[in-house]
Amino acid sequence: MATLADLKISEVKLSEEHVGKWGMVIDQDMCTGCQACVAACAMENNLSFVGEEDSGYGRSMHWIRIERFWEGEYPEVKMTPNQPMMCQQCGSAPCEPVCPAFATVHSQAEQLNLQVYNRCVGTRYCANNCPYQVRSFNWRDYERPEPLPNQLNPDVTVRRRGVMEKCTFCIQRIHKAQDKAKSEGREVADGEFTTACAQACPASAITFGRVDDPDSLVSQLARVHGHGVKHLEELGTLPNVTYFKGG
Amino acid sequence: MAEYNKKAENDHTKAELHNHGEEYFREKHLMLDPLPRGQMNEMVMESMHTTSWKFWAVFAVLSAIVAYGLVYTWAKMIVEGLGIAGVNRPAYWGVFLVNTVFWIGISHAGTFISAILRVFKAEFRRPFTRAAELMTTFGLVQAGFSIFMHLGRVWLFYWLMPYPNERMLWPNMHSPLTWDLLAITTYLLSSTMYLFLPLIPDLAMARDRSTGWRKTFYKTLALGFRGTEGEWTHLRNAMNIFAFAIIPVMFSVHTIVSWDFAAATRPGWNSTIFGPYFVVGALHSGMGAVIMVLAVVRGTMKNMKYFIRPEHFEAIGKLMLIISMTWAYFFFNDYMVQWYGGDKWTHQLLHFHEAGPLGWMWFAMLIFNVAIPWAVLWNRRWRSTPWIAFIVGLLINVGMWFERYIIIPVSLSINRMPFTWRLYEPGVEIPLGIGTLAFFILLYMAASRLIPLVPVWEVQEGQMAHALKKYGRETVVTVSELE
Chain A
1 MATLADLKIS EVKLSEEHVG KWGMVIDQDM CTGCQACVAA CAMENNLSFV
51 GEEDSGYGRS MHWIRIERFW EGEYPEVKMT PNQPMMCQQC GSAPCEPVCP
101 AFATVHSQAE QLNLQVYNRC VGTRYCANNC PYQVRSFNWR DYERPEPLPN
151 QLNPDVTVRR RGVMEKCTFC IQRIHKAQDK AKSEGREVAD GEFTTACAQA
201 CPASAITFGR VDDPDSLVSQ LARVHGHGVK HLEELGTLPN VTYFKGG
Chain B
1 MAEYNKKAEN DHTKAELHNH GEEYFREKHL MLDPLPRGQM NEMVMESMHT
51 TSWKFWAVFA VLSAIVAYGL VYTWAKMIVE GLGIAGVNRP AYWGVFLVNT
101 VFWIGISHAG TFISAILRVF KAEFRRPFTR AAELMTTFGL VQAGFSIFMH
151 LGRVWLFYWL MPYPNERMLW PNMHSPLTWD LLAITTYLLS STMYLFLPLI
201 PDLAMARDRS TGWRKTFYKT LALGFRGTEG EWTHLRNAMN IFAFAIIPVM
251 FSVHTIVSWD FAAATRPGWN STIFGPYFVV GALHSGMGAV IMVLAVVRGT
301 MKNMKYFIRP EHFEAIGKLM LIISMTWAYF FFNDYMVQWY GGDKWTHQLL
351 HFHEAGPLGW MWFAMLIFNV AIPWAVLWNR RWRSTPWIAF IVGLLINVGM
401 WFERYIIIPV SLSINRMPFT WRLYEPGVEI PLGIGTLAFF ILLYMAASRL
451 IPLVPVWEVQ EGQMAHALKK YGRETVVTVS ELE
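Chains A and B, in that order, give the protein sequences.
Under my numbering, the letters of the first sequence match residues 1 to 247, in that order.
Under my numbering, the letters of the second sequence match residues 1 to 483, in that order.
Honestly, the hints are just simulated from the structure, not real lab data.
Note that the structure is a prediction, hence the values are computed from the model and not measured.
A virtual CB, placed ideally from N, CA and C, is assigned to each residue, including glycine.
Treat the hints with caution; some may be incorrect.
In silico EDC-like links for lysine to aspartate or glutamate, alpha-carbon gap of 20 Å or less [unchecked claim]:
(1) B:LYS344 / B:ASP334
(2) B:LYS305 / B:GLU46
(3) B:LYS76 / A:GLU233
(4) B:LYS344 / A:GLU234
(5) B:LYS76 / B:GLU425
(6) B:LYS28 / B:GLU461
(7) B:LYS470 / B:GLU22
(8) B:LYS215 / B:GLU46
(9) B:LYS76 / A:ASP141
(10) B:LYS76 / A:ASP179
(11) B:LYS469 / B:GLU46
(12) B:LYS344 / A:GLU71
(13) A:LYS230 / B:ASP343
(14) B:LYS344 / A:GLU233
What the simulated footprint calls covered on chain A by chain B, stretch by stretch (three residues with Cβ under 8 Å from a Cβ of chain B suffice, anywhere in the stretch; the number is not a length) [said to hold, decoys possible]:
(15) 49-59
(16) 96-106
Produce the complete structure using the sequences and hints provided.
Structure (structure tokens):
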């Protein structure tokens, strides 16, 4: 007969113990809402220019957005801190199991959620199931008039109509840094590279790095602040982005 | 024939229970009103051959709608992208999915009426099993169109199929959409075979009474059926197997459709009762559609007043009433448990359903799905009247479409990220949806003139099993078991 010991409960990893690999720390008190991260992300990742009309209808193509909220009724309106929102690179992502074509998959090596553009058939199930609503769909083939094509980042695929896309934590930069470190026979150092949004942030509100390295800046910031929040953690998504505010 | 039926309708509600003569029973029940076989066969053949100018006018209008709504608009959407539709963030799924669920729902009544009533040997089913089965097949075709329209890159739809390929890429068996595709394909194939099997003897009958291209058409489809004892035995065995086997397939299909929603981590969707709730909802809209089709067939096709009588509307009306009550029970159960669950997002959503900008739809859904069927169908005279039954069926279908609209785009408008809340407005979903409806009617009209819409052999078999006997002054109905 099976005993409790046979069930190996000790081996079950509790969600609190989950440690990802790459992570982000966002200090909302520092964020000014300047949208530099949004622009930098669009340039780095070859985002399409959706235009006013589609953007106004909820089809904006941003991998990161600054959410602004306010409390109270006019005229006693109080702004709450800006909230940059991007893919939280969940350790247990709701978008992954629902894709019928394996177009959104988990990278075991990087502990990130990958979107395989050329495998996507556009069911948009992943976007429905994303509690953070951070996925963008290519509703059309958006125009990219001259000379804008000259600005395209050669490290990133240009997407066509009918596929889903989202923040990748600038995986092309991760790979570049890893390749460089490997050719020099060393590990990637903390702060050697960062994502486009973190690089562009004039207030240093966004910090990117290894969350599994206790000496990295993100880990140190998490310890210093000590009251970080992970959004919708109660859903068991194991997000890898920590937010601080009010302190 | 017409006045004959009018009399039957009037007599139908008379509460006289005793001392009915033979005439009374003959007028009331098709099974007790046998005609010579040859005459009945001729009546069915005539109904297939008769087309008025009105038929062709409707046919032409529907063809134009299909050409514009389905062919042109879909081609345009493939070329330009889904941007011309109304889907956005957060309503990534819109009317396309509403229509998919709606058409799968319509397709459920065919099997329900045909297979379940066949298994339970309900005699009233005999003249309209085929009319219902055709709805299953044609409804599933529209569901397939609707789901493929919804794909961002529809030209790669075969990537969702588990086909062997040199890259060893397979669909994700964790995804409810993969289950969905497999279930719908299974249902389409099995329901088409189930439609075809009982059709064989009627095709053979039509073959023996046709000339020209029709002769070739029926000859090919009848597979050389001659009506020998062995052929009937095989046919009966096959039909029996299919009738039993297709019932669990039918339940699985709509349960899996509901899992597309219930398996997602969204407020309003993540409900354990969605499986049976969707199955009952499918039957609700499907039965409404069956009664609409029967009213139209009876009203427009020649000789159909003999086959489809008030007794059939009465029997289906009773089923509709029961299904409406079951749907109300599941709706209430789903709603109440969610409300007491206390989740703040679910509360927001439930409030948005009733008091949001589409609150009228929520109330219309309850009125059309519950209040009107209950108010009308309890009355035997009303539910036996074809045009009243037609209107109730139509309202139920509108109500059920609203229900799916509330579950999909309305519920998607609210999520756990208030920054992204946004309303959804359909774009080319409207012409595309109307196109599928027109194509459904078009296929049905074509089929009504190409294949016998009444399973003649089943009616004849039923009539052979029924007889009127006189005991003293009392006329008594007797039924014998043939199968």
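Tested hints:
no., hint, result
1, B:LYS344 / B:ASP334, "16 Å, holds"
2, B:LYS305 / B:GLU46, "13 Å, holds"
3, B:LYS76 / A:GLU233, "42 Å, violated"
4, B:LYS344 / A:GLU234, "13 Å, holds"
5, B:LYS76 / B:GLU425, "19 Å, holds"
6, B:LYS28 / B:GLU461, "18 Å, holds"
7, B:LYS470 / B:GLU22, "9 Å, holds"
8, B:LYS215 / B:GLU46, "15 Å, holds"
9, B:LYS76 / A:ASP141, "13 Å, holds"
10, B:LYS76 / A:ASP179, "44 Å, violated"
11, B:LYS469 / B:GLU46, "32 Å, violated"
12, B:LYS344 / A:GLU71, "18 Å, holds"
13, A:LYS230 / B:ASP343, "19 Å, holds"
14, B:LYS344 / A:GLU233, "15 Å, holds"
15, 49-59, "holds (count 4)"
16, 96-106, "holds (count 6)"
Violation of the numbered hints given earlier is confined to hints 3, 10 and 11; the remaining hints are satisfied by the structure.
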